[in-house]
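K.L.:
Each of the two chains sits in its own frame; use the hints to bring them together as a complex.
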Amino acid sequence: MSQELTAVVGDILKYVDIFFIIYLIIYSTFLFVSVVIGSVTLYKRRRQDHLRNTLLNKYYVPISIIVPAHNEEVTVVETVRSLLTLEYNLYEIIVVDDGSKDNTTGVLLDAFDLKRIRRPIQRKVPCNADEAVYESVGHKVRITLVRKKNGGKADALNMGINVAQYPYFICMDADSVLQYDSLQKISSPVLTDENVVAVGGAVRPCNGMSIKNGRVDKYRLPRNVLACMQVLEYDRSFLASRILFDSFNGSLIISGAFGLFKKSTVIDAGGYNRGTMGEDMELVVKLHEYCKINNIPYSIKYATDAICWSQVPERVRDLCKQRKRWHLGLFQTLHAHRDMLDFQTFGPLGYISYMYFLIFELISPFTELFGLFTIILSVLFDFLNFPYMVLFFTIYAVFGSVISLTAFFARIQTIDLKVRFTDVLKAVLLCMFETVVLHFILEFVRAGAFIGYKRKKLSWGKIQRKKIDLK
Amino acid sequence: MNALTIIYVYLAISGSIIIFNIAYAISYKVMQKRTASMSNRLMHEIVRCTQDPDNEKLIKKHCGMLRRRLKNSENLIAYDMALERLDDTDSAVKEKYIDNTYGVMIYLCIKYMHSDPLKAAFFPYFVKKYGLVKGKGNGAIIEMLIQMVSSDSIFSRENALEAIYSTGDSMKVIEAMRMINSNPVMHNEKLITDGLFQFTGDFSELEALIWIHLDEFKEQLQVALLNFMRFRSGGNCDKMYGILEDENRSDELRFAAIRYFGKYKDERAYPFLIRFADDIKNVKWQYAAISATALAAYPGKDTETVLKKCLTSRDWYVRFNASESLSRLGYEYEDLYDVQEGKDRFAKEMMQYRFDQEKIRNGGEPV
Chain A
1209 MSQELTAVVG DILKYVDIFF IIYLIIYSTF LFVSVVIGSV TLYKRRRQDH
1259 LRNTLLNKYY VPISIIVPAH NEEVTVVETV RSLLTLEYNL YEIIVVDDGS
1309 KDNTTGVLLD AFDLKRIRRP IQRKVPCNAD EAVYESVGHK VRITLVRKKN
1359 GGKADALNMG INVAQYPYFI CMDADSVLQY DSLQKISSPV LTDENVVAVG
1409 GAVRPCNGMS IKNGRVDKYR LPRNVLACMQ VLEYDRSFLA SRILFDSFNG
1459 SLIISGAFGL FKKSTVIDAG GYNRGTMGED MELVVKLHEY CKINNIPYSI
1509 KYATDAICWS QVPERVRDLC KQRKRWHLGL FQTLHAHRDM LDFQTFGPLG
1559 YISYMYFLIF ELISPFTELF GLFTIILSVL FDFLNFPYMV LFFTIYAVFG
1609 SVISLTAFFA RIQTIDLKVR FTDVLKAVLL CMFETVVLHF ILEFVRAGAF
1659 IGYKRKKLSW GKIQRKKIDL K
Chain B
8 MNALTIIYVY LAISGSIIIF NIAYAISYKV MQKRTASMSN RLMHEIVRCT
58 QDPDNEKLIK KHCGMLRRRL KNSENLIAYD MALERLDDTD SAVKEKYIDN
108 TYGVMIYLCI KYMHSDPLKA AFFPYFVKKY GLVKGKGNGA IIEMLIQMVS
158 SDSIFSRENA LEAIYSTGDS MKVIEAMRMI NSNPVMHNEK LITDGLFQFT
208 GDFSELEALI WIHLDEFKEQ LQVALLNFMR FRSGGNCDKM YGILEDENRS
258 DELRFAAIRY FGKYKDERAY PFLIRFADDI KNVKWQYAAI SATALAAYPG
308 KDTETVLKKC LTSRDWYVRF NASESLSRLG YEYEDLYDVQ EGKDRFAKEM
358 MQYRFDQEKI RNGGEPV
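Protein chains in written order, with our numbering: chain A, 1209 to 1679; chain B, 8 to 374.
A couple of the hints might just be wrong.
Facing chain B, a subset of chain A residues (Cβ under 7 Å, in silico) [to be verified]:
hint, residue
1, PHE1238
2, PHE1240
3, LEU1259
4, PRO1328
5, VAL1345
6, THR1400
7, PHE1601
8, ILE1603
9, VAL1610
To spell it out: a stretch of chain B is covered by chain A in this simulated footprint if at least three of its residues, at any positions, have a beta carbon under 8 Å from a beta carbon of chain A; those stretches are [claimed, not checked]:
hint, stretch
10, 28-40
11, 56-70
12, 106-118
13, 274-280
14, 352-360
Worth flagging that the hints you see were computed from the coordinates, not collected in a lab.
Yeah, the Cβ is synthetic: ideal placement off N, Cα and C, and Gly gets one too.
Okay, chain B solo, but in the shape it has when bound (with noise of 0.2 Å):
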């Protein structure tokens, strides 16, 4: 092969690239059209079948022609947008036509669970939107979104996590996170603790069930669960107590049970926070760093004498947080004149900072 041959490959070469720039750019703006077109045509459909909902003759065709194209992922996104459409009509007729159509939807479940990834992903989120298994108990459709939630596709998982709690069925999001734990690959435990706030159901119940079913999970979704509880209510301080109390349980449960102690005062815990945050030789740093915060919410002499102790703390975070609650407790210069007057420097410096910013939140200038 001689230079100029390769010359004229490489010709060649950006000359392919030029069509292919055309020709994606022609293919999409045509796909635009197709889906907009498609879109006007199921919204013709739609809008016959509303007007007509106890026409079984109609629904039954319609179902048909719904089976036939939304097969296609492409005239699904279309079928979304003439819904979106809907969102002006009288809520009950829509409800009748989603009812009436529920079968299809069924049958679109099953053929998208066993195509690619990418497609499946759309589906949950087309059943969330239009809330297709809110209220339906042990419908086909939540059970084949169970099943979706063990996918190795994390937008297959999320979007079905989040079809599954606009249920509002606390035994299902149970069984979803049964499928989780399950998966070699965790689900992100942000996204378990923040999605969780979805859920359209008795949020009590659910956490009474999450209870009951704690230790089924693996330990990162136990953390999940119980951050969730913690940014969702008071009410589990009992079981909390019991894991905070327990030696045997893992430490990442016992700093999630101390955190919850931080927002939720209960004075069964107080003895804990303060022998963690006392006990700083003897204990993880951790233990000692989450407790300096959560005594914030325990104001009393003991509080201040270990709060105080912790600023001498040779551990940074440990320090930071002591002096964070000393300051959130009101604990001011005079108060802390043993410190500030003391030798430590660095528990000086911890809190003199803390001064300085409560003077900036009054509007003074502290320096």
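Here chain A stands alone, though its shape is the one from the complex (with noise of 0.2 Å):
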């Protein structure tokens, strides 16, 4: 019976070899092609700087910037401070406290005067009522505080948009930080390209760094090993896959963090999905399914160039919550649009964008808790050949820590950056780590996100703040 169970054993397990292999080359591959394409693109770019190819001349694209807050009154003066600083001329700015427990529209109201007014708005949108509306004059642009009752981060966006004045709008985080250029760059693509819809900026980690009217004074990798790997992390994605699916109007994602969208093409879509926690992703997919089924042409771009500088969790504990909600909310979405699988519609977005994210973001939590799975069953049969594992983990670390360190190198590069020594020490030594042990992690936390799904369905999540550095 022994020696049956154990051939069967196996048999299963030489088939599982078979798919771990087949599953590692497919993804290592795309990993490959598309940091071998994401580098070349910035490198490009770079050239294209360098020979004049931009737009030498400001124009100014009319665009409201978006910020809903929840809980934000450690850091949205110093954001709302930083976005008046912006070179760009024609702006103004939306904070929406999305029904704080903290003091977020008392800092507000203090720090730019902002005078209460009985402003109607009309909801193109759907969106919880408001319960205040603050506006101000005498500032470089006009802000506008909306205070509404509490509906979650995409019901607070839905209410910008319905305040928002311009054909564009911009959302962004509380916590998060533009360049003095970050407009200017984002807006560019919809000057050269007039069926844009969609631009989604560069995220950057700004954790242990200062910003000086706008610009990078001081740049340094955070000091904590957290959020330092999570530098490396975001260079990695955005290297990768954003810039490789950017080249056939692919990508499924734009950042809430930073990205800029057409106005009256989000109103006829719908607006941001106030029943998901992946609102940025989900909008994005929206659009794609929008204007494919109703023959609009259109395109959703990445602008490299345009940087916000964003605070990552530096507490395990943060981080979790943070991959939880995000891999909820990226299922949320690839169910609601599932229809993307019809091939014929969509095409590459189907075949190659959804899959991947169906695939190797959304299932392959799962898929990687199997294969430990079977090295352990592996053991328990003595199956395993031990020198073979640690040769293909190895390979694995360092195939991984040089895709990582491709994108930290490309975007140093290319965004012209003085990034010291021990940085650069610092990043080396940590991408290896980052490979095997921080990722492993967070696959358990994101197979686990599921547990307890429906009680925090829509919660905006508590991630401990700190001050921006901002001179």
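P.N.:
Spelled out as structure tokens, the structure:
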């Protein structure tokens, strides 16, 4: 019996082996191709700048900046102050306080001399009612604060859309800071292609650095190890998948921390979905669907040089909360838009972008856990070839680290940041740890995201905030 | 192929990526140093020429060297860096140098026009920066720049347009607009409207020529040009009125004309604005909404009557714009008592908002 069982297990593991080899080949090839394409694209864009293939004069597309906020009293004033230093002439700032329990509204009223006003709001997209609207005069641009009943981030963003007076809007987080030229850079694709309905910016962790008048004063990798590893992770993610998907109009995600949208198209598509945690991704996928189905010529771009500096969690607990929320949001979005599996209608958007997110993002935690389980099984039934496994994991770790470092250096080189030698060393030492340890921890976390899913469906998620170093 | 082979393949790929990174970093540094060194050499040559500008033999040799070197875009960038340093030189000396090397620029223009779009876009930028075509009339470079305006690359088009604007020649701008018009890919309206402000010649002459040739252009380009004139000056009322009253003109053109008369008051336009704002049921909402804004320039009883009616429109933008116009015209609560005490909640809310805004502007607390 035992021999029979061993034989059966052996046969199963053979097929499992084949599955994982194919899985890893496809994934590694995808990563490799996307990082190479990403690097080449970045270098090409640098060359474009070098040869003056940019809009040299300042053209201003009118933009409403929407900042949804929930319990952001620590950072929101600095965020709004940083928005007032942008070198851009035609924009407005709208902060939506989504029923904060702290003093978010109070600190804004004090800092910017906002006065309560009876402003009628046209509900073009659904959102909870406002409780109070405040406006200010005397600042560089108009600042509007809307205090409303709590309804979640998507609801707050919809309120912002309803209040916005300009044809384009930017959504950004209340703990983020834009560079002096971020608006100019993110609006540039709109001027070069009239079919652009959305543009994603590049979000970079700002932990441990300082910004002076919208310019990076001192750049260094965060002291906090967790934040440091997230820098590598963000660089890899932005360089790899985002740029590749951008090349065939297949971007399914624009970070909620910084994205530009054409207001009329978003309204026509129904605005943000208030029933999901991943409202940023859901909106982009919805825009794709809406434009494809209605045969509207469109394009969704990625502006690699439009930078938004955002805080990343420095505590493991906060990071886990964040990643669970992202994973649930991903599930909700892919589930809601499973029509994209109709490859005939959606083309590469379906069979590349959607399938990538389905297989290598949504299902991957379970796939990797299954892989771990089969390793344990192999040990129990004495099938495991240890030297081979060690070699395999070593190469896997080296490959992952090299991809991360490529992304890190490509970003550093192409946006002309001066990085200290100690930071380079830190990046090299941490990249392997990030690939082997942090990645697996987060896969466990993501796999556990569905536990207690229904209870915490729409919560913002509490994360510790630190004051941003703005001079 | 066994799994071990695959592993070694990925090890090799990892190694290649590392080599790629190192090679790029090194090549970029080398390229920067080479460009800086070339810039220094070119600077040295330029200074020699500016010190002896009438030495034909020297100039000829210099031009020959430029023809050979500057076909390479990196060297052209180095030349740009060198010329930037000439900024401190006497402007007459600099102009003489540029005149002496004009033939080289014609040669380079031909070369770059037929090169890849990335490099081609740099040359017009260079032309504009050093005023190579300023006052040059029918020069060869200008003609080539006009051809470049039909490029598929938006940056080539935009840089070429900016260079053409710098000629100060209105007719050349019109020729450029014709090129844009014939291109299936339309240049962004905003880039055209705002870009025209870089024109260095006589704006009145340019506007006159635009009117003569307006009907040759597609609607989108016409709108961009009309918007330019709106931002530019109030000297086009006659022609704009012709568009406003002509019902055969497209809606977009008539909207542009309405906006024009919102900025520059002309009594001839007034009856149209009143009609558009008043006849909400029979005209497109955009006519009513844009006219409601324009009426802020026409104070009077009829305006007041129509704007009050617009406050009760079913269209949000009509109400919004009408309330803004009433506020700009200085109407206060007492003047609009009938609205504020009336039955239309939306009208009341809209005007209340404007009164609150006025209070804030005057330092008060509305609520």
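K.L.:
So, VAL1345 of chain A near chain B? Judge it on the closest CB pair being under 7 Å.
P.N.:
holds, 6 Å
K.L.:
Are there at least three residues in the stretch 56-70 of chain B whose beta carbon sits under 8 Å from a beta carbon of chain A?
P.N.:
Three-residue rule not met by the stretch 56-70 of chain B, so violated; n is 0.
K.L.:
Would you settle whether the hint for PHE1238 of chain A is holds or violated, based on the nearest Cβ-Cβ distance to chain B being less than 7 Å?
P.N.:
violated, 13 Å
K.L.:
Less than 7 Å between beta-carbons is the criterion; does THR1400 of chain A satisfy it with respect to chain B?
P.N.:
holds, 5 Å
K.L.:
Would you check whether PHE1240 of chain A satisfies its interface hint, that is, whether its CB is within less than 7 Å of any CB in chain B?
P.N.:
It holds, given that the least Cβ distance between PHE1240 of chain A and chain B is near 6 Å, below 7 Å.
K.L.:
Quick check: do three or more residues in the stretch 106-118 of chain B have a beta carbon closer than 8 Å to a beta carbon of chain A?
P.N.:
With 0 residues close enough to chain A, the hint is violated.
K.L.:
Would the hint on VAL1610 of chain A stand, with a C-beta cut-off of 7 Å toward chain B?
P.N.:
holds, 4 Å
K.L.:
Less than 7 Å between beta-carbons is the criterion; does PRO1328 of chain A satisfy it with respect to chain B?
P.N.:
This interface hint holds because 4 Å falls under the 7 Å limit.
K.L.:
Using the nearest Cβ pair, does PHE1601 of chain A come within less than 7 Å of chain B?
P.N.:
violated, 10 Å
K.L.:
Is the shortest C-beta separation between LEU1259 of chain A and chain B less than 7 Å?
P.N.:
holds, 4 Å
K.L.:
Holds or violated: the stretch 274-280 of chain B covered by chain A, criterion of 3 or more residues with Cβ-Cβ distance under 8 Å?
P.N.:
violated (count 0)
K.L.:
Examine the stretch 352-360 of chain B for residues whose CB is less than 8 Å from any CB of chain A, and state whether their number is three or more.
P.N.:
holds (count 5)
Checked against the numbered hints listed earlier, the structure breaks hints 1, 7, 11, 12 and 13; every other hint is satisfied.
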